[in-house]
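*Asks:* Go by the hints and put chains B, C and D onto chain A.
Protein chains in written order, with my numbering: chain A, 1 to 289; chain B, 1 to 289; chain C, 1 to 380; chain D, 1 to 380.
It is worth saying that the hints were derived from the structure and are not from the lab. Computed from a prediction, not measured in an experiment: that's the story for all the values here. Heads up, some of the hints might be wrong.
[As the list claims (entries may be wrong)] If the Cβ cut is set under 10 Å, some of the chain B residues that face chain D in the computed set are:
hint: 1; residue: Pro41
hint: 2; residue: Asp80
hint: 3; residue: Glu84
hint: 4; residue: Met87
Even glycine gets a Cβ: it sits at the ideal position worked out from N, Cα and C.
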Amino acid sequence: MSFFVDENTRLIVQGITGREGSFHAEQMLEYKTNVVAGVTPGKGGTTVLGLPVYNTVREAKEKHDANASVLFVPPRFLYDAAYEAIMTGISLVVTIAEHTPVHDMLKLHHLAKDKGVQLIGPNSFGVISPGKAKAGFMAHRIFAQGNVGIMSRSATNCYETAFLMMKESIGQSTVVGVGGDMIPGSTFVDVLPHFEADPQTKVIVMIGEIGGSEEELAAAYIKDHVTKPVIALIAGTNAPKDVSMGHAGAIVSPDGEGSAEKKMEQLLAAGALIAESTEDIVRILKTLV
Amino acid sequence: MSFFVDENTRLIVQGITGREGSFHAEQMLEYKTNVVAGVTPGKGGTTVLGLPVYNTVREAKEKHDANASVLFVPPRFLYDAAYEAIMTGISLVVTIAEHTPVHDMLKLHHLAKDKGVQLIGPNSFGVISPGKAKAGFMAHRIFAQGNVGIMSRSATNCYETAFLMMKESIGQSTVVGVGGDMIPGSTFVDVLPHFEADPQTKVIVMIGEIGGSEEELAAAYIKDHVTKPVIALIAGTNAPKDVSMGHAGAIVSPDGEGSAEKKMEQLLAAGALIAESTEDIVRILKTLV
Amino acid sequence: MKLLEYQAHAVFHEYGLPSINGFTATTVDELKEIDGKLPYPVVIKAQVQTGGRGKAGGIQFAENREELLKKGEQVLTMSIKDLPVDKVFVTPKVSVKKEMYLSFTMDRRAKLGILIFSPEGGMEINEIAEATPEKVAKVLLPAGDKLDDFIVQYAADTTGLDPELVPEFKNFCRTLHTVFLQHDCLLAEINPLVLTEDGRLMALDGKVDIDDNALEKHPEIRTMQDEMTENKLVLEARGFDFLYIPIKDSGEIAIVSNGSGMIMSSIDLIAKAGMDCTCALDLGGGATADRIQEALRIVASNPKAQTIFINIFGGITRCDEIARGIQGSLSFIKDKRMVVRLEGTNKEQGLEIIRGLGSGMELVDGLYEGVDALAKGKKL
Amino acid sequence: MKLLEYQAHAVFHEYGLPSINGFTATTVDELKEIDGKLPYPVVIKAQVQTGGRGKAGGIQFAENREELLKKGEQVLTMSIKDLPVDKVFVTPKVSVKKEMYLSFTMDRRAKLGILIFSPEGGMEINEIAEATPEKVAKVLLPAGDKLDDFIVQYAADTTGLDPELVPEFKNFCRTLHTVFLQHDCLLAEINPLVLTEDGRLMALDGKVDIDDNALEKHPEIRTMQDEMTENKLVLEARGFDFLYIPIKDSGEIAIVSNGSGMIMSSIDLIAKAGMDCTCALDLGGGATADRIQEALRIVASNPKAQTIFINIFGGITRCDEIARGIQGSLSFIKDKRMVVRLEGTNKEQGLEIIRGLGSGMELVDGLYEGVDALAKGKKL
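Isolated chain A (complex conformation):
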């Protein structure tokens, strides 16, 4: 199986007429992803990579039965583009852009929840089900089909993990970049039930980091609802307090909220296996798969 994206995905690319949009649309097509159309307001009627471009998501959805959208739009247009996709009832919306205003994400997070839409990102590499489809900009060559599910706030730590897994011939079922921002569209807790339910996934890798409470919430969920083994890495144990570490979300409050220690403690108590590095993730994986 796998989830979010696979052979049944009918993907549209919002912002396909931009430089990044067209480049990554091509990459996704190369990966045999079923990209069905592009959307750029004002560019309706044109063609990019042989794909029709529409002014609205709705038209793309109706003409091509699209069920997923990936957004390659600048952060200041992200709100409008994601809003349109969510309101049109696209069931998976993947946002890539970094530097999305927090207040925008605050609204989009809840809008997506209310409308039953899976919103992934922003500040994310996207979603990939290796060998099937991808919606995002990740370098797909380092991913291989297998039975480890990965969800990660960090792109580089995820890439590194996938790269090291490849050397050991361990592949992935689905890899989800929940993104490095303060307010993600979907959190670890939102993704976990999918991994738990997916028969292809045998082990879950969670790459978290300092800041926020997503790892703590995930720990609580894992304790009560997850039967599969979970390997967790929390980056940033030794990061200074009250300083954003590059990801807008990776910041420990002056009062210590969001520290790596607390996250690891709770994950350990929930039965997760704590890895100290990406190499360590793979070492543990080798004992499990």
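*Replies:* Here is chains B, C and D on its own, set in the frame of chain A:
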């Protein structure tokens, strides 16, 4: 069993300090409904019928673990009061008022859906599970505990039906007034799954009328999902077109949309039993229960 | 409440929606005053609350003063579908390049506002949809106060609206949507929405239907209500918070009841028994003796109402109050046949009073028995 | 971006939020100009981006001109937590009846705005919450642009705020909430919110933290950024769209990498091996030779950085580009130790170039090996 209201209901009355609010709060208490508090902005700290009154629904909810609210507020305040109850996460919100602006209901309908709140009414007599609890202004003496579920757009046709049932010693599990307005908070389709799932309910009575599409939507739902017998009455076969029959929602469009014929036809095709009058409902019921 | 065309235009102007200007007249003298204010040719349009004005001759063109007065008077003295024309709306004749259709209304099924647009206009929307369904966009609006740009874009794209018109069309839609929301409209329709020869979009005719439940918020609209061509008994009943519903001209039975559902059930069973109702009056809640008297006075003043069927079922309605109301109404209902069904608190006391009023009263127990009585002329 | 106190007040004034007025000074001459503009006594407050000003002597009272100049100069020459005080904010001394606390901030757990209020103020909110938890209301705000009346009412009711103050308090909250939304704040805090002797609510001190991702919408705030006391290398790096993060004063290792996660992982493993980093630089995407050169120049100008650890893993980053960047930087990194890990496209070509640069370069394969090399001084 029964649903919406029962012995586990912890009801608040919004607008309890008004004439109608206090009168019907007393009636509900007399019916042994667990009314726990009242809410009237600006009247917090006072007491009505021995019940504490708060300024906000949230305080009433936190202090008394309230899970249902009935609104006795004038139509122009209905939006704010219902909005507050929905946003506070009260799971059942019953609105009574007639003459609620349609645009207000348009918003509340979707807000309640998005937030997973059961909004009943407006222009409704409320909800009663005979012998257990009531949230509304219906004259409870004509209802008796039993195993017929009733949902009705009309108060009078429902009362008459309950009254005739009483003469035949047939009682009700739960009775829901979906209300006579153009845009109800909950429709027949929203209530049907509860009747289907409720073990106490053996037969479902649906009292519809001309206007809108709720009966048609209910017919489609009944066909696919309802295994219990459904008796349906559609009032207004001989009502003139393009004239509101008192209920804001009871109006047949100039082009014939919302006519009783079409509704009955589809209900019949869905396997419902069509009653031609309230007395006819009871006649059919006698053959079933 | 459905506005007359000129009232709809007044609302449009209030919001700055490009809409035709004109003057109303109710007399030839007023027509004379209009002469000189507008460039000829002008259009004279009957202001009545019904469709099909054009076919009935309610829309006339005038090339000069003489024609304006002659044709204007002609329209002012006609009736359209039994509605006398009290007023005309006189506007300049606009050179039109294209007629389109645009409206915002309620979709009761989805419980959302809906935008309906067609670059073909002039006809009724269902006629357009039948002739060229691919040229009609019906787009549901997400709940909320914003008209999303992509909604309008979609309507334009799927109906093949000239892309050059799209920016102005979006502005037009946004403004009409604001009217729809802020004036609590059930319908805000522009048909035809015209593209003028000089390339602008303009509302040439408009229909606005405002939610009666929201009139409190729009006092300026309430004042228009008195002007409307409306049944006098409806107006009189409204003064007492009763709802008076005219039903069938050929009917002879008037229903007085307390509840919409009950009234519809009564009409249905009466029709089924082969009889017709002329009107119904809904008392609403709280039926006191005084109010019953007023209600009976109103229905009795309808000369068609040979028989009055009083059908009361109220959980908290006191039947003795109703009976006393009937008692007080004997003077104006004396020549009418009366069939009375009472159910509720103090039923027995009520029936006692009715029985005391003599043989003019027919008492029945239940709706079926009432309809039987109406059919058979059965006496107590 | 965290505003200085006087900048926060400027934002409050812009929205009409009742907030203290005052003047800033950076020199004694400017202090002299303030004399006469404000009634004595006045308050002199150090403008630095840190808490605990009061304890450090950064808040002084002056009864007259002489004290203003003397104490003002004193504050202007001090440092608080290593931050030199470049500016003071001088305000009238307000007669205060009551100090309260109010803020709007983000609740990351619920992903909603949150209102935090206490009728007790002056201390930090977590101190208040520890001392009198029943006097602190933390109320999540529904997603949307409206501050619902009932939210504020609840905050007032549950903390026992004097009901007479509630109407003005509601206005105050609405305005601060507007600041919070429209200025894209991560935090809009007023502490103390004071009730003055004459019964008005006023912001006496404010903290405003604005979302860096939204600064594009607020050009006037961007200009404030230059004024802020900030690390020069951070500013220089920002000019190239790099993120420079100072880590530990005692550290000796500088990390150059391409990704936040990778940087955190590197710091963690280095710390675990008993070493400390002084800084890290995140290249972001698109690491060309030119950009690498600039990045290395910046970290090399930090005298604490004895060792530079270049850790590059990029799906589409070309390692030969990176290597050429290092090659071009030899002049300013010559006295530094260099540990280099390259992974990605054209890895071999990149390694070849590095090997050609001589023994100053230590090449490692992977992060663990890099940390080992850092620890052991292992050479290639």
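*Asks:* Run every hint past the structure and note whether it holds.
*Replies:* Status of each hint after checking the structure:
A cut of 10 Å between beta carbons decides the hint on B:Pro41: the least distance to chain D is about 7 Å, and the hint holds. Look at B:Asp80: its Cβ gets to within about 8 Å of chain D, closer than 10 Å, so that hint holds up. For B:Glu84, the suggested interface contact is upheld, since its CB lies about 5 Å from the closest CB of chain D, less than 10 Å. The beta carbon of B:Met87 comes within 5 Å of a beta carbon in chain D, closer than 10 Å, and the hint placing it at the interface holds.
The earlier numbered hints are all upheld by this structure, with none contradicted.
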